[in-house]
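Colleague: One line per chain: the protein sequences are W and G, in this order.
For the first sequence, the numbering used here assigns the number 1 to the initial residue and increments by one for each residue that follows.
For the second sequence, the numbering used here assigns the number 296 to the initial residue and increments by one for each residue that follows.
Rather than coming from a laboratory, the hints here were simulated on the basis of the structure.
There may be inaccurate statements among the hints.
[As the list claims (entries may be wrong)] No more than 27 angstroms apart at the CA atoms, straight line, and that leaves these computed lysine-lysine pairs for DSS-like: (1) 78(W) <-> 327(G); (2) 570(G) <-> 236(W); (3) 87(W) <-> 570(G); (4) 570(G) <-> 138(W); (5) 272(W) <-> 55(W); (6) 235(W) <-> 740(G); (7) 611(G) <-> 138(W); (8) 327(G) <-> 138(W).
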Amino acid sequence: MAAELNSVDAARDGLAAASYLADEPTALVSFLAFKLAKPVLVEGPAGVGKTELAKALARATGRRLIRLQCYEGLDEAKALYEWNYRKQLLRIQAEASDAGWERVQDDIFGEEFLLSRPLLQAIAEDEPVVLLIDEIDKADQEFEAMLLEVLSDFQISIPELGVVEAQSRPLALLTSNNSRELTEALKRRCLYLWLDYPDVERELEIVRMHAPELDAQVARKLVEVIHMVRGLDLKKPPSIAESIDWARALMLLGADEIDESVLQRTMSIIVKHRADLDVVAERAGVKLQQGRLAG
Amino acid sequence: MPEAGGFPAGGPPGFAARMLELADELRREDMKVGTSELLDAFAALREVPWTDEEDFREALAATLAKSQEDRRTFELVFDRFFFRSVEREAVQRGLSEERFQGAGDRLDLDDLRERIRAAIRGGSDGEMRDMARLAIAAFGRQGEGSGVIGVDVQRIRRTLDLRATSEAEAAADLGSVPRERLREFERDLRRELERALIERTRSFPPSRPLRDFERALPSGPLQDLAAVHRVVAQLKRRLASQGAEQRGRRRSAVVDVRRTMRASLETGGVPLRLKHRPRRPRRPELYVLCDVSTSVTSASVFFLSVLHALHDSFRKLRSFVFVERISEVTDVFERESSFAAVSRAIATDAGVADVSGYTDYGRVWLEFLEQVADDLHPRSTVIVLGDARTNGREPYSRAFAALAERAGRTFWINPEPKLYWNYGDSVMSVYEPFCDGVFECWTTKQLEGFVRAVTESRPRAA
Numbered sequence: 001m002a003a004e005l006n007s008v009d010a011a012r013d014g015l016a017a018a019s020y021l022a023d024e025p026t027a028l029v030s031f032l033a034f035k036l037a038k039p040v041l042v043e044g045p046a047g048v049g050k051t052e053l054a055k056a057l058a059r060a061t062g063r064r065l066i067r068l069q070c071y072e073g074l075d076e077a078k079a080l081y082e083w084n085y086r087k088q089l090l091r092i093q094a095e096a097s098d099a100g101w102e103r104v105q106d107d108i109f110g111e112e113f114l115l116s117r118p119l120l121q122a123i124a125e126d127e128p129v130v131l132l133i134d135e136i137d138k139a140d141q142e143f144e145a146m147l148l149e150v151l152s153d154f155q156i157s158i159p160e161l162g163v164v165e166a167q168s169r170p171l172a173l174l175t176s177n178n179s180r181e182l183t184e185a186l187k188r189r190c191l192y193l194w195l196d197y198p199d200v201e202r203e204l205e206i207v208r209m210h211a212p213e214l215d216a217q218v219a220r221k222l223v224e225v226i227h228m229v230r231g232l233d234l235k236k237p238p239s240i241a242e243s244i245d246w247a248r249a250l251m252l253l254g255a256d257e258i259d260e261s262v263l264q265r266t267m268s269i270i271v272k273h274r275a276d277l278d279v280v281a282e283r284a285g286v287k288l289q290q291g292r293l294a295g
Numbered sequence: 296m297p298e299a300g301g302f303p304a305g306g307p308p309g310f311a312a313r314m315l316e317l318a319d320e321l322r323r324e325d326m327k328v329g330t331s332e333l334l335d336a337f338a339a340l341r342e343v344p345w346t347d348e349e350d351f352r353e354a355l356a357a358t359l360a361k362s363q364e365d366r367r368t369f370e371l372v373f374d375r376f377f378f379r380s381v382e383r384e385a386v387q388r389g390l391s392e393e394r395f396q397g398a399g400d401r402l403d404l405d406d407l408r409e410r411i412r413a414a415i416r417g418g419s420d421g422e423m424r425d426m427a428r429l430a431i432a433a434f435g436r437q438g439e440g441s442g443v444i445g446v447d448v449q450r451i452r453r454t455l456d457l458r459a460t461s462e463a464e465a466a467a468d469l470g471s472v473p474r475e476r477l478r479e480f481e482r483d484l485r486r487e488l489e490r491a492l493i494e495r496t497r498s499f500p501p502s503r504p505l506r507d508f509e510r511a512l513p514s515g516p517l518q519d520l521a522a523v524h525r526v527v528a529q530l531k532r533r534l535a536s537q538g539a540e541q542r543g544r545r546r547s548a549v550v551d552v553r554r555t556m557r558a559s560l561e562t563g564g565v566p567l568r569l570k571h572r573p574r575r576p577r578r579p580e581l582y583v584l585c586d587v588s589t590s591v592t593s594a595s596v597f598f599l600s601v602l603h604a605l606h607d608s609f610r611k612l613r614s615f616v617f618v619e620r621i622s623e624v625t626d627v628f629e630r631e632s633s634f635a636a637v638s639r640a641i642a643t644d645a646g647v648a649d650v651s652g653y654t655d656y657g658r659v660w661l662e663f664l665e666q667v668a669d670d671l672h673p674r675s676t677v678i679v680l681g682d683a684r685t686n687g688r689e690p691y692s693r694a695f696a697a698l699a700e701r702a703g704r705t706f707w708i709n710p711e712p713k714l715y716w717n718y719g720d721s722v723m724s725v726y727e728p729f730c731d732g733v734f735e736c737w738t739t740k741q742l743e744g745f746v747r748a749v750t751e752s753r754p755r756a757a
């Protein structure tokens with residue numbers, strides 16, 4: 001089902017078929033990334049579907065998704081490649097002692113003894129893949145510098161082997177929560193996409209897509225409550241994933257209206273801090289009451 | 296692989312040159328638009344229909360603007376640039392549009408008001424533009440406008456009696472309009488007035504650089520708080536990794552024999568991989584003194600949020616607030632997690648001895664020295680948040696010098712613009728020589744500058 005994203009509309013439809021509702025910029029950037037074979041840097045608040053976008057792109061194009069989760073201290077041994085010492089050692093021991101050093105040396109630095117990590121896998125694959133480098137801002141700056149070679153030339157230099165060039169161009173997505181400024185050099189090589197919380201209508205569509213059995217009236221109310229909660233001064237505003245979770249929970253509970261008691265009982269699905277819970281209980285409760293009076 | 300460079304096929308003549316002009320304007324607004332970005336933009340424009348305005352704009356934005364701030368700047372420059380391009384063409388070719396003339400007499404004003412309000416509340420962008428023109432024709436009194444576009448816009452808005460509310464409230468109250476839409480309407484007004492001015496004078500005013508307040512992201516205090524937290528998280532990262540940068544990327548030199556032997560079991564007893572003792576990260580120790588007197592009231596909210604964010608990130612942090620005397624509020628921050636609760640606690644019962652409401656910096660240093668000086672050591676960093684206005688009291692610079700001497704580093708963040716320092720009762724220059732750095736800081740952007748400076752400058756040789 002290897003679909004091609006050959007136009008902006010094709011990108012939007014493809015993503016929609018992979019159950020991801022993309023807005024205009026997202027569809028356009030996905031299409032450009034596909035067409036120009038450039039990596040995309042996706043930024044935005046936590047939980048707006050940055051990682052999901054990569055997964056949806058993989059589904060839409062029928063490509064395999066290779067994911068590299070970044071963290072502090074991530075190094076090339078974990079991201080690029082590593083020599084399989086154990087196997088090399090066995091090889092040396094298995095070799096009769098009369099074998100020349102030269103031969104053994106040529107032997108043990110072959111591809112057979114190379115453990116490829118996500119980045120090497122992504123470019124060595126015969127079929128093009130979707131490469132997701134998640135939370136790049138968590139990795140160290142040195143790691144970013146190392147990425148440059150992979151992202152701009154799609155090649156990796158291994159001193160003992162030479163340069164491994166890409167068999168195919170991966171569709172690369174880098175996500176960042178903006179916890180630190182990324183280097184200019186990295187940004188220059190990427191297309192930029194800012195994802196924000198969707199507006200009410202769009203989020204409603206998203207919720208209905210993932211929880212189709214939920215009553216339309218309740219779904220709208222739910223999205224409105226979520227939007228109001230995001231407007232409060234919270235430590236961690238609810239993400240799209242959490243509104244979907246909430247919708248599913250309400251579905252299971254068989255709720256046909258969101259009132260104060262329902263909110264009280266299920267609030268912990270969308271709010272994950274004790275202090276936030278108090279704020280939401282106080283403010284949202286008042287709003288819901290007003291809503292009932294007005295309605 | 297796409298070949299680099301080349302102009303989009305089918306673009307009108309002079310298209311590439313226009314793009315370069317746009318890039319030039321973006322650069323003038325401090326965006327980093329390099330040649331490689333431009334080539335990307337051209338490559339992107341070859342793929343999208345450049346006749347569709349939204350696609351055109353998005354394709355340019357995705358390739359040229361690489362952060363949210365840049366994106367905002369890009370929007371503004373893009374609008375201005377293409378608006379001006381069209382107008383310049385019009386002036387050069389001597390074109391002018393037909394305008395509503397004297398329509399004001401025949402139009403029922405109340406009716407017009409209703410129609411404009413309806414257009415703002417729910418109309419398309421085109422309708423809103425038309426309404427803006429109508430409004431100018433009806434109320435703007437062409438020819439006798441004030442000549443200052445901003446004034447005219449506000450006058451029209453007042454005449455129309457447009458009240459802005461949040462989106463949710465506007466839905467209930469039919470007499471008001473959502474704030475965002477009103478802002479768009481004002482932008483349309485401004486644009487139409489500008490266009491009228493250009494036509495009237497048949498000249499083309501020089502383009503002004505964007506002003507800071509235009510460029511600033513539309514944000515409430517809430518987002519500011521988030522921004523402060525972000526900057527402070529950055530400060531933490533920089534401080535934590537600072538030692539590593541100075542020592543280079545060496546691993547710790549000490550080999551952990553036990554772990555090395557264990558690892559060697561995997562390889563038949565040959566110790567192929569050395570295991571090192573983990574390097575102990577240097578824990579920065581911060582002492583923050585924050586002025587919460589009335590002269591910095593608006594700034595104190597900002598400072599308290601900085602302090603609040605610092606507490607979230609650093610464990611070894613002691614914070615103090617002062618007006619006339621000093622009081623430690625470390626435990627308040629540790630007890631309360633929400634910002635609102637913290638500021639309430641500090642305002643009511645933190646025990647800030649606030650008899651006169653006037654800051655007494657000299658006394659603060661003396662007390663600070665007495666209470667905590669023994670804990671200061673060369674690895675600790677002291678950060679003072681204050682305006683250095685002593686209200687005419689003795690500054691006791693010697694006491695400040697003594698504490699700066701004991702601490703490894705001392706920084707001063709001043710909420711006033713540099714211009715006002717040392718005027719009136721500000722004694723910034725008295726304290727400045729003892730600090731490792733002084734910074735003016737009242738926006739998160741400047742806070743970022745502070746973070747950069749602090750983490751780049753090395754600790755004084757002890």
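Colleague: Among all the numbered hints in the text so far, which are the ones the structure does not match?
Modeller: 1, 2
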